[in-house]
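Fit chain B to the known structure of chain A by using the hints.
Protein chains: 2
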Amino acid sequence: MGKAIERLKGLTKDVVLLEHAIATLSWDQETYMPRLAIGEKGEQLALLQGILHEKITSSEIGKLLEDLGASDETPEGVFSDGNVVDSAYVREVFRQYKIQTRLPKKLVTELALAASHSQAAWIEARKESNFSLFKPHLEKILELTRQKAESIGYSETLYDALLDEFEPWISTREVLDIFNSIQPWLTEFIGKIGNLRKIDDSFLLKEYDISRQEAFGRRVLQDMGYGYDRGRLDISAHPFTTTLGRDDVRLTTRYQKEFFKTGLFGIIHECGHGLYELGFGENIKGNILASGTSLGIHESQSRTWENIIGRSMGFWKYYYPFLKEYFPENLKSVSMESFYRGINKVKPSLIRVEADEVTYNLHIILRFQLEQELISGSLSVGDLPEAWNLKTKDFLGILPENDSEGVLQDIHWSMGAFGYFPTYALGNLYGAQFSSAMEKDLNMDYILEKGELAEILFWLRKKYIATVLPDLQRSLLVILQEKN
Amino acid sequence: MGKAIERLKGLTKDVVLLEHAIATLSWDQETYMPRLAIGEKGEQLALLQGILHEKITSSEIGKLLEDLGASDETPEGVFSDGNVVDSAYVREVFRQYKIQTRLPKKLVTELALAASHSQAAWIEARKESNFSLFKPHLEKILELTRQKAESIGYSETLYDALLDEFEPWISTREVLDIFNSIQPWLTEFIGKIGNLRKIDDSFLLKEYDISRQEAFGRRVLQDMGYGYDRGRLDISAHPFTTTLGRDDVRLTTRYQKEFFKTGLFGIIHECGHGLYELGFGENIKGNILASGTSLGIHESQSRTWENIIGRSMGFWKYYYPFLKEYFPENLKSVSMESFYRGINKVKPSLIRVEADEVTYNLHIILRFQLEQELISGSLSVGDLPEAWNLKTKDFLGILPENDSEGVLQDIHWSMGAFGYFPTYALGNLYGAQFSSAMEKDLNMDYILEKGELAEILFWLRKKYIATVLPDLQRSLLVILQEKN
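Line by line, the protein sequences are chains A and B. The numbering used here numbers the first residue of the first sequence as 371 and each following residue consecutively. The numbering used here numbers the first residue of the second sequence as 371 and each following residue consecutively.
The shape of chain A in the complex, shown without the other chains (with noise of 0.2 Å):
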């Protein structure tokens, strides 16, 4: 048996090398890549695509999981002289073994190609403002991504199915309790804060230096334990994070003239990411456990830096000081305690990725539902613009003024990834609890009035190891579920 996993290893081994190439192709896709390229690169993608297909589909893949004993009912395998890694690695080569070998190879790389134009469409739309541009491209996506969930196959709705890539051994059922749950009371909650103290945040609206927003971003990224033989930080139209080899996992941002909206903690957010692929030991590291075990779990990462971290008192006592220093004009009548409060204002807002903590998941929840409603067809393509403002007034009680703060503003649709959103509020509500017990471990505030961010680091990184094992997110799942 250990002769088989190590076999299977092997052969795992050239998928992880062509998703990290593949990965290379679209990094250069959204970062650096002259604007007429983009008619070949759709090309070069759905070819490597229909490459790594072939790979992970092989027979002898088949053949190694079938002698390890994987199964639906025992995903993990039944060997005896493996350890506690070897079943999450099996269990994860089996999951994407099963999904890739129901997949049509053609409609792999169909999907790939449109996917790249459609990204590119949606670059085009969003900076018009114009969803035309962008209708039919989402609607040759969303009716490939149907026959994605069709030949997967789900045991109550294609949703199922589509949910499982992101955010596996989860039904759409429990999602959907858990965020009825909470959505009522968020709305309520957000009436109550509304009326309370009114806070001045008009420091965030100023315009702040893009090069010395840069610089100060670097230095945060640098105390977070980021460093530039291992990664990159670049600009692109949507920030991301991607890994492109074991040794090279690449941030992305965007500049605005405001900092504090997205700017900041839009690069706390991905250094969240990238420092939970980068910070695998050696029995993980490169392999195909490396990517974590989902990606509730992943954002959990980048949500604790970004929110719960970077948005604490203790993290600005530290950086307050430099922060002043960097702009000085901008925030020299701003005092600490009006800047924290600022930048943990309150109050409904249109764009996602600058939403506050509280109002963030009712974005979620928000395009959770229409895209259920676009997979299952009761919601079509040309009407989802006036549907997502609908929504936007219903859930936050705002009404967006184009479709770029609307409808346009997340590249998750156009990159065929549905079912992708709801994995950010899991992320929060995993993130609330790994938090809970890094409290419990670090004497926080201590901890980040010295600006040791090392410290959070290294308590994290005993615990990813744990994100890859099989048990850990259903505990975590669980423990929500009891708790609603």
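There may be inaccurate statements among the hints.
Intra- or inter-copy, both count: the list cannot distinguish identical chains.
To be verified - Under the rule of at most 35 Å between Cα atoms (straight-line distance), these lysine-lysine pairs were calculated in the DSBU-like manner:
| hint | residue 1 | residue 2 |
| --- | --- | --- |
| 1 | Lys510 | Lys497 |
| 2 | Lys810 | Lys833 |
| 3 | Lys383 | Lys497 |
| 4 | Lys715 | Lys433 |
| 5 | Lys379 | Lys505 |
| 6 | Lys820 | Lys715 |
| 7 | Lys510 | Lys373 |
| 8 | Lys687 | Lys379 |
| 9 | Lys505 | Lys383 |
| 10 | Lys476 | Lys433 |
| 11 | Lys717 | Lys627 |
| 12 | Lys476 | Lys373 |
| 13 | Lys576 | Lys655 |
| 14 | Lys655 | Lys505 |
| 15 | Lys687 | Lys568 |
| 16 | Lys687 | Lys715 |
The hints are simulated quantities; they were obtained by calculation from the structure and are not laboratory data.
Below, chain B without anything else, positioned relative to chain A:
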């Protein structure tokens, strides 16, 4: 037969897409990749090279080539309903198919992996001017390259097989004959020039502001017709041009404090390469022919732009006033006449890419001789630095002070590109013939003084089609041989 050609084009399209994907990873390696990513990057490249090898050696391609009548006697195939471009297409596919089917896949991937690591080692060794850091890598590459040549086969020497990769349809003996006839003449000519009047080129050694260098370089690129919709200009250790897609041909350069030793002319040189690949019509664009018929022809374009156009009096009559605006301090007491003489001064120097037009070919002949000895085994890698220095002294009368300005100056051998160097000199010789034809058609002085570089590009582009057709390279060679 028409169907066979179309099917062949379909199959080889994947080959081109893969080549472009590989080029993307290589470009990334040379420009933006984090340092520690090199380990896995080599594995990714090796995997993709292996897949590429599988694609180009597919039995279906072999069968189609057979159906089309391609053979050693009729490499262009024997079919009646194709056109002259189709003949060139079949010839090129047949050539690649034949070479690749003779190479074991294992050797292809080993070479790719070794080349990736070797390039990284070369960068370090060059930086520290320490050949010993590079030596074991070069030995490995050399051993694999010999295996490669053995596998491909050759008529007289191993080197024939390697030369064919870069300059097909020509033998080592033919190149030797050409080089042997020009080398004594060149050495004598350089002696004569050295005894003529002194030229003051001290302005070349002044420090030129890097951001202005870049701005002026980009201005010339724009005038030449290079645009960022289909290209980029970035920084790398060794300047190069690479094709990542039919609409994605990127240049790199490096900036030193001096601008006219390599900087500006390097940019013009690379742009010459780039314009060539960007300039093919729809029947060639993006397919297997679009890299040109040979590297010598490719170099004829870059060397013509760099030297015959970029160092001409007409060019500087137009550009010198602008140049003085960019660098008023450095050039205030330099007349255009002095500038022109300075950038064209003939004087033996150590660095190939900084060499003047007259001594340049001696640098090439030096490398050509040494690499033949390395491949035949009559020279060991350990003895290479000394052999390099002795030959430099012999040909140019000067001695490198360290390996950085000697044997470590070029990237080529680190990539396994043995047989590449002669194409630069052949490119000069082909380029001289192109230029001679161009001067008959165009009033070059008038065009250059007006800064109408687009006219030159237009003329060259009318000829590009000829550069991939079966007979051009041979006819240029025949003219060269007759002249000797």
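Evaluation of the provided hints:
Proximity of lysine 510 and lysine 497 under a CA criterion of 35 Å is satisfied intra-copy only: 21 Å inside one chain copy versus 51 Å between copies. Taking the shortest alpha-carbon separations for lysine 810 and lysine 833, only the intra-copy value of 14 Å comes in at or below 35 Å, while the best inter-copy value is 75 Å. With identical chains, the CA atoms of lysine 383 and lysine 497 are at most 35 Å apart between copies only, with a shortest distance of 33 Å across copies and 39 Å within one. Proximity of lysine 715 to lysine 433 under the C-alpha cut-off of 35 Å is found in neither arrangement, the shortest distances being 55 Å within a copy and 70 Å between copies.
Taking the shortest alpha-carbon separations for lysine 379 and lysine 505, only the inter-copy value of 33 Å comes in at or below 35 Å, while the best intra-copy value is 42 Å. Taking identical chains as interchangeable, the C-alpha atoms of lysine 820 and lysine 715 lie at most 35 Å apart only when both belong to the same chain, with a minimum of 25 Å there against 62 Å between chains. For the identical chains of this complex, lysine 510 and lysine 373 are inter-copy neighbours only, at 31 Å across copies versus 44 Å inside a copy, given an alpha-carbon limit of 35 Å. Neither within a single protomer nor between protomers do lysine 687 and lysine 379 lie at most 35 Å apart by alpha-carbon distance, with minima of 47 Å and 64 Å respectively.
Only between protomers do lysine 505 and lysine 383 lie at most 35 Å apart by alpha-carbon distance; the minimum there is 30 Å, versus 38 Å within a single protomer. In the homo-oligomer, the alpha carbons of lysine 476 and lysine 433 lie at most 35 Å apart both inside one protomer (23 Å) and across protomers (25 Å), since each shortest distance falls under that limit. Taking the closest pair of Cα atoms, lysine 717 and lysine 627 come within 35 Å of each other only inside a single copy of the chain (20 Å); across copies the shortest separation is 53 Å, beyond that limit. Taking the shortest alpha-carbon separations for lysine 476 and lysine 373, both the intra-copy value of 33 Å and the inter-copy value of 23 Å come in at or below 35 Å.
For the identical chains of this complex, lysine 576 and lysine 655 are neighbours neither inside a copy (42 Å) nor across copies (49 Å), given an alpha-carbon limit of 35 Å. Within a single copy, lysine 655 and lysine 505 get their C-alpha atoms only as close as 40 Å, which misses the 35 Å cut-off; across copies the closest is 31 Å, which meets it. Taking the closest pair of Cα atoms, lysine 687 and lysine 568 come within 35 Å of each other only inside a single copy of the chain (22 Å); across copies the shortest separation is 68 Å, beyond that limit. Taking the closest pair of Cα atoms, lysine 687 and lysine 715 come within 35 Å of each other only inside a single copy of the chain (18 Å); across copies the shortest separation is 63 Å, beyond that limit.
Hints 4, 8, 13, counting from the list given before, are not met by this structure.
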